[in-house]
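S.K.: Go ahead and model the full structure; you've got the sequences and the hints to work with.
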Amino acid sequence: MNLRQLKYFVRVVDMQNMTRAAESLHVAQPALSQQMSLLEGDLGVALLVRGAKGVQPTAEGLLLYRHAQTILRQVDSTRSLLSKTDDPVTGTVSIGLASSTARILALPLMRRAKQELPSVVLEIVDVPSADLTKLVLQGRIDFSLSPDQQPMQGLLRTPLLRESLFLLAHSSIALPSGTLSITDFAALPLVLPSLPNTLRARLDHAFLMAGLTYNLFAEASTSAILIPAVRSAMAATILPCSAAQPEIAEGSIIAHTVDDSLSRELVLCTSASLPPTPAVEQVIALCKDEIKRLINDQAWQGCVLLE
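Under the UniProt record's numbering, think of the first position of the sequence shown as 1, with each following residue one higher.
Incorrect hints may appear among the rest.
What the hints assert, rightly or not - Derived pair list, reagent style DSS-like, types lysine-lysine, alpha-carbon separation capped at 30 Å:
1. 53 with 288
2. 134 with 292
3. 7 with 134
4. 292 with 53
5. 114 with 134
6. 7 with 53
7. 134 with 288
8. 7 with 114
Claimed, not checked - Using C-beta positions, here's what the derived DEER-type ranges look like:
9. 232 with 31: 48 to 56 Å
10. 19 with 289: 41 to 49 Å
11. 70 with 183: 22 to 30 Å
Keep in mind the hints are simulated off the structure, nothing from the lab.
Just so it is clear, CB atoms sit at the ideal spot from N, CA and C, and this is done for glycine as well.
M.R.: Take a look at the structure:
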């Protein structure tokens with residue numbers, strides 16, 4: 001097993017097609033197939049299955065795929081760290097964002113990075129918040145913005161901001177004016193983040209302390225499902241404004257202020273064992289600056305900077 005084989009294997013899994021993978025790698029398909037056979041022979045397991053849906057990894061192949069991604073990223077990071085050239089920073093920087101944060105930050109950050117760091121490629125990894133820290137520790141992503149991340153061995157934490165939580169409801173739903181208490185919306189059908197989720201845990205605790213139970217309509221692990229459910233008047237949810245900024249701006253969703261105790265902290269997380277490359281350092285600085293800009297321009301509502 002060598003780095004070239006791992007690179008080839010990752011590309012085959014990504015493309016799910018041996019011919020397209022060979023074309024993107026600029027190698028002949030028979031040569032690529034031979035390298036995959038050699039890799040399987042070396043490891044003594046089947047890694048790929050060819051079928052009607054293309055090339056799919058086996059269970060062992062999926063495990064290798066995850067480890068290979070980390071290995072290749074670490075090799076690239078080491079090369080960047082040891083480089084002594086005066087060339088502009090280059091490389092791929094992978095950022096993990098909760099889906100609610102990605103909705104307001106991903107596109108502006110990509111635009112800024114393309115303007116100010118044209119030789120750097122951003123990879124935005126939009127996953128449930130419970131998975132973000134694991135990806136950082138595995139080396140799968142360079143850094144994350146993780147909600148309510150607690151101290152953990154091997155993790156460096158920098159609290160960035162505190163976000164208030166709002167009751168997000170369709171504009172047709174009548175609710176009392178001013179700050180809402182839990183009693184005001186306890187009977188309202190709610191679509192909430194799935195457990196394990198720190199925001200959901202906060203809500204569970206708040207309802208427990210109020211001696212109330214919520215009317216759970218459904219649950220989902222991503223804002224990509226939660227927000228459309230609210231926009232269609234199916235149910236309301238409790239999230240930061242960042243999760244529904246476009247819908248709030250157009251007026252289809254109303255953000256109702258709730259008890260001040262309902263908030264979350266957004267934390268910048270990096271690995272303590274993998275030093276950041278120059279590209280990662282510059283993207284982190286750009287990310288912090290873009291967050292400040294969004295808050296100062298009042299595009300990111302309900303936030304207080306902590307740095």
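S.K.: So which hints don't hold here, by number, going up?
M.R.: 1, 4, 11
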